[in-house]
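> Sequence:
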Amino acid sequence: MKIRKSFLILISLPLIGGVVFGTYMLRWLSVLALSLITLAYLFGEELKISYPSVTRRQSVKRRDEVKRIAKIIEKAKKSPLSRSILKEQIIEIYMTLSDDQAKTYRGLHEKPNKALLLLEKEGDFLENLEKALKVVEVDINES
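Per this note's numbering, numbering through the sequence shown is continuous, rising by one, with the last residue being 214.
Hints are computed from structural coordinates only; laboratory data are not their basis.
Hints are not guaranteed to be accurate.
[Stated by the list, open to error] Have a look at the derived ranges for each label pair, beta carbon to beta carbon: (1) VAL137 x GLY115: 23 to 33 Å; (2) ALA173 x GLU208: 20 to 30 Å; (3) TYR112 x SER169: 53 to 63 Å.
[As the list claims (entries may be wrong)] In silico DSBU-like cross-links for lysine-lysine, where the CA-CA straight-line distance does not exceed 30 Å: (4) LYS158 x LYS138; (5) LYS158 x LYS205; (6) LYS185 x LYS142; (7) LYS158 x LYS142; (8) LYS185 x LYS158; (9) LYS146 x LYS185; (10) LYS146 x LYS76; (11) LYS142 x LYS182; (12) LYS202 x LYS182; (13) LYS138 x LYS202; (14) LYS182 x LYS149; (15) LYS138 x LYS149; (16) LYS76 x LYS148; (17) LYS185 x LYS174; (18) LYS205 x LYS182; (19) LYS146 x LYS182; (20) LYS76 x LYS138; (21) LYS205 x LYS185; (22) LYS76 x LYS142; (23) LYS202 x LYS174; (24) LYS148 x LYS158; (25) LYS149 x LYS202; (26) LYS192 x LYS202; (27) LYS185 x LYS148; (28) LYS192 x LYS138; (29) LYS185 x LYS202.
Glycine included, each C-beta is placed from N, C-alpha and C at the ideal position.
With the hints as extra help, turn the sequences into a complete structure.
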């Protein structure tokens, strides 16, 4: 905590007054003045909190959504986990289109629609994904 010289001078005047003055009333007035000066200093100077700079957040490199999905599609050729992530992404699209998102989420997990069935179908995954996305596109255009 850095204390300025001006603050020390301001504090010393009522402090000396409180010690030197003989009457009870003048001592209390100097104590009140000292407390007001201290409060003004604390709320005026000390509460200037240094927040982290915004530039540090901007320097973090983040992948955009398209690159992230492209990487998931690459991994989905081999990984069932990536396929389930893509399935959840398609379900999120349908949830966004519907009024009752929770009902749509449960319904698509219990009884998958044509796009999800195409995605889970055996064979070439990329072709199945393309067909599923065309079905999703048709559903979006109908909505």
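> Go through the numbered hints given earlier and state which of them the structure violates, listing their numbers in rising order.
1, 10, 16, 20 and 22
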